[in-house]
Amino acid sequence: MRTEITLNGSTSLADRYLGWAPVPAQIRLADTTGATGPVAVRVRNQNLTRGGQVVFFTTIPGTEQAELLLTLPETGTPVAFHVAGQFQRPSTEDGDAAVEVIDAATSQVLGSTPLMVRIRKNAVTLTTAERDRFLAAFATLNDRGMGRFSDFRNVHTNAGDPEAHANAGFLPWHRAFLLDLERELQQIDPSVALPYWRFDQPASRLFSRAFMGVADPTTARVQFSAANPLQFWATDGAPGIVRRPFFNTRTQSATGPGGTVLSEATTLSLGGPADRYWPFRTMEGNPHGTAHVSFSGFVSSIPTAAKDPLFFLLHANVDRLWAKWQWVKGRFDVASSSSFSVENRFGDPGTTRVGHNLNDTMWPWNQVTTSPRPPTAPGGTMAPSPLTSAPGLSPTVSAMIDYQGLQAPASRLGFDYDDVPFQF
Amino acid sequence: MDVPEYRRQVEAELEQAAQQQTSFRELLGSRPAARRKLAPAAALQDDDDLTAAVDVLSDRAADLELQIAALQVINNNIEARPELIDTLLELLRDATVPADLRRAVLNVLQQISFRMVQFPGKRPDYLATLRSIVEDPDAQLRRRVIGILAREKDEYVQRRLIEGLEQRSRALVPAAKAIQFLGYDVHAEYFPLLRRIIEQPPSSAAKREAVRLLSADPAAIDLLAALLNDKHEDPEVRRTAAVALQSLAPDRFEAQARRIVLDDDEDDELQAVSISALTQFANPAALRQDDQLNQRMEQLRAESGSRQVQQATAGYLSKHGTQP
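Chains as they are written, first to last, in the numbering used here: chain A, 1 to 424; chain B, 1 to 324.
Take these hints with a grain of salt, some might be off.
Said to hold, decoys possible - The following residues of chain A were derived to be distant from chain B, with all beta-carbon distances above 12 angstroms:
hint : residue
1    : Gly-37
2    : Val-79
3    : Asp-132
4    : His-356
As the list claims (entries may be wrong) - Distance condition first, Cα-Cα at most 20 angstroms in a straight line; then the derived DMTMM-like pairs of lysine to aspartate or glutamate:
hint : chain 1 : residue 1 : chain 2 : residue 2
5    : B       : Lys-319   : B       : Asp-291
6    : A       : Lys-324   : B       : Glu-15
7    : B       : Lys-153   : B       : Asp-125
8    : B       : Lys-319   : A       : Glu-93
9    : B       : Lys-122   : A       : Glu-93
Just so you know, the hints here were simulated from the structure itself, not pulled from any lab data.
From the three backbone atoms N, C-alpha and C, an ideal C-beta is built for every residue, glycine too.
Throw the hints in and build the complete structure from the sequences for me.
If you want it as structure tokens, here you go:
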């Protein structure tokens, strides 16, 4: 006898990546040899002491369980359930988690499905192997300035500025930007998730030669160890990164001459007594803007910020803060003005600049290049994912809000943060 | 920890932080030693706080820490009072204002440029103010202002930087920084100047920056290869040439990288860079068939006294060979 598990409707290896949000799964008897009737099986983690861990649900919404007892028809008809990564038990290697199926009567192992609980983590907590896989994938995407990364660099310029900043769509736009990049990295190495720079805490492991580099005191040119592939980073036809912190990266949170980033707790209170999106969005100033200008160099100006790979780790933290606010305050309902402040579509009464209204599509993924959109749209449509069809090739602002699929499971975008759980 | 317990923990942290928040006027009334512990929260600012912040900014006797707190209040409320940008620009232009405060004002203006919907309308004034202080007596402020303008591809500052490279008495920043700033908008007309700087460098840092920038000049392949292969050249210049050649002519570099790795008499760090480049970018099938190179990697892994070389070969062998 042998069982087979499908995740997201597929047995493909490409689908075996989980976050905290439950995904649909099925189990069936693929080989019924020896089965004389329905077979009771236990579905559980294969190894409780190492690797990522998962939890199971018989129904959604429902209570997570450490293991399931299911009865499988001898006809091979599948039985449905849901599976998710267990919060705070992510993987560190591809395939280090596994779902094991055993015959409840005999304890015989009937099947094992390796998978990965793939989560966006605080950069300073990455293992050496995680860090090096991320850097290798990023350097491959950049390919000495000749790779696909140039499209990402060319999106975040003065021309694209009004699409991404200074308005309601700042957070959804950057969530889409990060997701697009992360999916491209995962096409290179599916075990990679985008780490974040927790800028309200010291991060000496991040600002080291082995990771995001250390500034030359004279020129602010970032120096890397000889084994770090970021030493070959190039943009706009020239190699190298210019970035010098105004603060001590070993002992301080991000601080510039004009002040220090707000702490996470203060940031999460920006929504005011009613916890609404519009005042929360002012985090675009501090901590987001403050983090950017806590350095001199590329990352401190809008037209050059995305030349620096650190940009994406900075924005991953911005996005994490939004995600954490959403979880703490329950702000996933796209129909609520507390979740997002501007309704409808550009041109409707009460709406704002195009690209920043709930049902607007977002540039560049919509490939619109007529005014007032920028004259070019680098990079094409949103990168697809084997895990979900959301947010679509041309995402709307609204598609970025319910990122865990809490309100609508089909909205799940396929990423999670290490300290932001999924909670019914 | 289960999720409900985690939620309780997070909510308790938020509650504790909320109790520590204060308005700007409360901060103003506290003793200097206590101010560092108080964090004026944006949620608690109102119009009176904003007025108090503007007053503090204008008070030449106020301490810098308080003025920076005042700047943050203004930053957090700038959309309600966009005219305050003019106040900030005035402070930035005023050479009688202490340099520390002017640098803080510049930093806040940069923050505002990231998030304020009305800022594009103020951008011409902002850039004009920056241009007006490119010769400011404060070197830090001068360098930062020029850097911002360079990233905006400002033609005025590009001309001034070129002038400074051609005539040292006209230099606004050290040569290495000037070249670096010009790199934000490389023009072919810079290339002859860069070659002259490489021949007669005002500093080793300037030479490295010039080498790096020549990766944008297709005609510089031979020059970069010559610098890379010259064992008498400064090792840091050679490493910069390696990276520049890698960017401009990857196939040419790969051939050089192989030669460098096989050479017993080569700079350790250059060998490590070459190994890393081959690991990351060379054709895996070709590497697998290169017995001479692979044997050399095993040898270096076992025998090199350089930690950088050891780390680089470990990475190579992990990806392309057998893990020792």
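Verification of the supplied hints:
Look at A:Gly-37: its CB is around 37 angstroms from the nearest CB on chain B, clear of 12 angstroms, so calling it non-interface holds up. No Cβ of chain B comes within 12 angstroms of the Cβ of A:Val-79; the nearest lies about 26 angstroms off, and the non-interface call holds. Consistency note on A:Asp-132: stated as away from chain B, yet its beta-carbon is not over 12 angstroms from all of that chain's, at 8 angstroms minimum. Not every CB of chain B lies more than 12 angstroms from the CB of A:His-356, the least distance being 10 angstroms, so the non-interface label is violated.
Between B:Lys-319 and B:Asp-291, the direct Cα distance comes to roughly 15 angstroms. Compliance with the 20 angstroms bound is thereby established for this hinted pair. Taking the CA atoms of A:Lys-324 and B:Glu-15, the gap is about 15 angstroms. The hint holds against a cut of 20 angstroms. Proximity of B:Lys-153 to B:Asp-125 is assessed by CA-CA distance (about 16 angstroms); at most 20 angstroms being required, the pair is judged to hold. Straight-line distance between C-alpha atoms of B:Lys-319 and A:Glu-93 comes to about 16 angstroms, which keeps the hinted pair within the 20 angstroms bound.
Restraint check for B:Lys-122 and A:Glu-93: the C-alpha separation of about 49 angstroms exceeds 20 angstroms, so the hint is violated.
The structure fails to meet hints 3, 4 and 9 from the earlier list, while all remaining hints are met.
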